[in-house]
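Full structure from sequences and hints, please.
So you can see what is in the structure, the chains are spelled out below.
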Amino acid sequence: MKKTSNSVRHISSNPLVDRIKSLDRWWLLLIIVVVLIIFLISFKPDPYLRILLFARDGVWVTFYTTVISFFLVLVIGLIGGLGRISHNRLINGIASIYVEIIRGVPLLVQLIFWYFAFPSLIQDVGDVWNISAFSTYKANPLLMAILGLTFCYAAYMSEVYRAGIESIPKGQMEAARSLGMNYFQAMWYIILPQAVRVILPPVGNEFITLLKDSSLVSVVAVADLTRRGREFMAANFIPVQTWVMVALLYLVLTLIAARVVNWLEKHSRYER
Amino acid sequence: MSAQPIIHIENVHKYFGEVHALRGVNLHVQPGEVVLIIGPSGSGKSTLLRCINHLEEFDQGHIIVDGIPLVTAENINAVRAEVGLVFQQFNLFPHLTAMENITLAQKVVRKREIKEAQRVAMDLLEKVGIPEKADNYPLQLSGGQQQRVAIARALAMNPKIMLFDEPTSALDPEMIQEVLDVMLDLAQEGMTMVVVSHEMGFAKAAADRAILMDEGQIIEEASPEILFTHPKHERTKRFLSKVL
Chain R
1 MKKTSNSVRH ISSNPLVDRI KSLDRWWLLL IIVVVLIIFL ISFKPDPYLR
51 ILLFARDGVW VTFYTTVISF FLVLVIGLIG GLGRISHNRL INGIASIYVE
101 IIRGVPLLVQ LIFWYFAFPS LIQDVGDVWN ISAFSTYKAN PLLMAILGLT
151 FCYAAYMSEV YRAGIESIPK GQMEAARSLG MNYFQAMWYI ILPQAVRVIL
201 PPVGNEFITL LKDSSLVSVV AVADLTRRGR EFMAANFIPV QTWVMVALLY
251 LVLTLIAARV VNWLEKHSRY ER
Chain C
273 MSAQPIIHIE NVHKYFGEVH ALRGVNLHVQ PGEVVLIIGP SGSGKSTLLR
323 CINHLEEFDQ GHIIVDGIPL VTAENINAVR AEVGLVFQQF NLFPHLTAME
373 NITLAQKVVR KREIKEAQRV AMDLLEKVGI PEKADNYPLQ LSGGQQQRVA
423 IARALAMNPK IMLFDEPTSA LDPEMIQEVL DVMLDLAQEG MTMVVVSHEM
473 GFAKAAADRA ILMDEGQIIE EASPEILFTH PKHERTKRFL SKVL
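Chains as they are written, first to last, in our numbering: chain R, 1 to 272; chain C, 273 to 516.
What the hints contain is simulated information worked out from the structure, not anything from laboratory work. For clarity, every value in this text was computed on a predicted model and none was experimentally measured. Some hints could be false.
[As the list claims (entries may be wrong)] Taking lysine-lysine pairs in the DSSO-like style, the calculated list, with each CA pair at most 27 Å apart, reads:
no., chain 1, residue 1, chain 2, residue 2
1, C, Lys379, R, Lys170
2, C, Lys504, C, Lys432
3, C, Lys432, C, Lys383
4, R, Lys170, C, Lys432
5, C, Lys504, C, Lys476
6, C, Lys514, C, Lys476
7, C, Lys432, C, Lys399
8, C, Lys399, C, Lys387
9, C, Lys383, R, Lys170
In C-alpha cells, the structure reads:
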C-alpha cells in the first residue's frame, strides 16, 4: 500500500488527496464508517436515529461484556498456558484436557450450557445436599455470559501464551535461574515481558474475535447490541435499516479495537 | 591450600536418555583456585559445569558447594545465589538495559534497595570497562561488551564462585581479549573460578589446574604447563595436537 502511494504521489497535485493517501487503511475506514453513521442519522433520522437511540445501551453492554471477559481471559489464559508447559503431569493433564474440551465444543453450545444447564445443575446439587442457597439459585444472564465467554476464550488464549513462552530461548530462563531467581520470578520478570511482545498480534486478534463473538450472548438473555437489534426489528419490521445500523456500530467498535492493538504493538518494541 | 574444598563433586553420573554424559566424575576445587576444563565437544565439560549450580540435574553422586549439598529446592536456590554463571551465548535479558540487567536480581533475590543496586551495578560496569553503556540495550552492544555486562551481572550477586561456560567461543576474535582481561583481573583478586575454555593464553596466565575431560570422565589433571607440554595420556596428547 505504501508503495502505491509513493508511485502515485508525483501524479496527484492535490494536497488533500496526498494527505488522504498518507492516512493508513484503518483510519480511512473508521472515518468512512463514522461519517456514514452521521450521514444516516442526520438525513434519515427516521428510522436510523431511532435505531441508534434504541440500540445504544446495547453497544455499551457489548463493550463492557467484551472488556470484562477479555481481562479475565488474560488472567485465566496465563494460568492455563503455564499449566500447558508445566512438567508436572497432573497440572499439564488438567490444562490439556480443559483446552481440548473447550476447543471441541461450539461457543454457542457452551453459552447455552452456562445459562440453562449450569444453574439447573447447581439446583440439583442443592436439592440433594439440602443447601437452600443452591436450590433457589437463579442464573444472572450477564454473569453466565461472561463466564461462558471467558472459559472458552481462555482456552484459546492459553495456547497463545504457551506458544509465546516457548518462543523465548531456553538460555533466558537458565540465566534468570542461575542468578538465584525462582521459577515464578524468572517467568514474571524475564520470560513473560518478552513473550507478551511476541504474542501481542494474536492477542489483539483474539480481542477483536471476542468482540464479534460476544454477539452470541444475545441468545442467553443479555441485552447486547445484537439482541437490541433483534428487538427493534421485531417491533418495527425494518430489517435492512436495522441490521445496516447494527453492523456499522460493530464496525466502529472493531476498527477502534484494531487501532488500539496496532498502537500497542508499535509502542512495545524494544531496541534490537 | 585450605583443607576444605569449596566445590566437592563426588562420583557424579548424568544420563541424557540413553547417553551416559557423565561417568563418575570426582572433582574438588579449593577456595581461590582457578580450574580450567578442556576436552572435545560432547565430552561432558559443559554438563559438569552446569551441574555445579544444578541447571542440569544429575542422576547419581553428590555435589556440595560451600558446605551446601545440592538436594532440596531451597538449597539449590541458595547455591545459585552463591555461584555466578557466564554463558557462551551471554543470555542477557534483551528487554532490559545493561543497568537493569545487573540490578534486577539484586532487587528480586538479594532484596537490595534500588539506589544500592544501581551503585553496585555502576561500580561493576566500571570494573569491566563500559560504564558509558549503562543505558544501552543488549542488542545495541557488541558481543564482547555483552559478555562483559553478563560477567558484571553475575558479579553483582557477590558470588563466591564464578563458572564460565566457553565465555569467548561465540565472540569475534578481536573481542576475545577484552573478556579475558576481565577474567584475568577476577582470577588475580582471588575469585574461585571453574572455566570451560580452550583459551591457552588464559590458562597459562591464570589457571592453577587444567583438566582434560573425554567421554564423561576426567582423563588427566595437572598444572597447565605440565598438562599442555608433557601430557601423560594418549587421549590428552591426541586432543592437544588438534587444539594447539
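27 Å Cα cutoff - pair Lys432 of chain C, Lys383 of chain C: holds, 18 Å
Pairwise hint evaluation, Lys387 of chain C against Lys399 of chain C, where the allowed Cα distance is 27 Å at most: holds, 18 Å
Proposed proximity, Lys476 of chain C with Lys504 of chain C (alpha carbon, max 27 Å): The hint holds at about 18 Å.
Lys432 of chain C paired with Lys399 of chain C [C-alpha distance capped at 27 Å]: Roughly 17 Å separates the two Cα atoms, so the pair holds.
Given pair status - Lys432 of chain C, Lys170 of chain R, alpha carbons within 27 Å: Given that 27 Å is the threshold and the Cα spacing comes to 25 Å, the pair holds.
Agreement of Lys514 of chain C and Lys476 of chain C with the hint, judged by alpha carbon distance not exceeding 27 Å: The given pair, whose Cα atoms are some 18 Å apart, holds under the 27 Å limit.
Pair hint outcome, Lys504 of chain C versus Lys432 of chain C [Cα-Cα no greater than 27 Å]: violated, 33 Å
27 Å limit on alpha-carbon distance, applied to hinted pair Lys379 of chain C and Lys170 of chain R: holds, 23 Å
Lys383 of chain C paired with Lys170 of chain R [C-alpha distance capped at 27 Å]: Holds, because 26 Å separates the two Cα atoms, which is no more than 27 Å.
Against the hints set out earlier in the document, a violation occurs for number 2 only.
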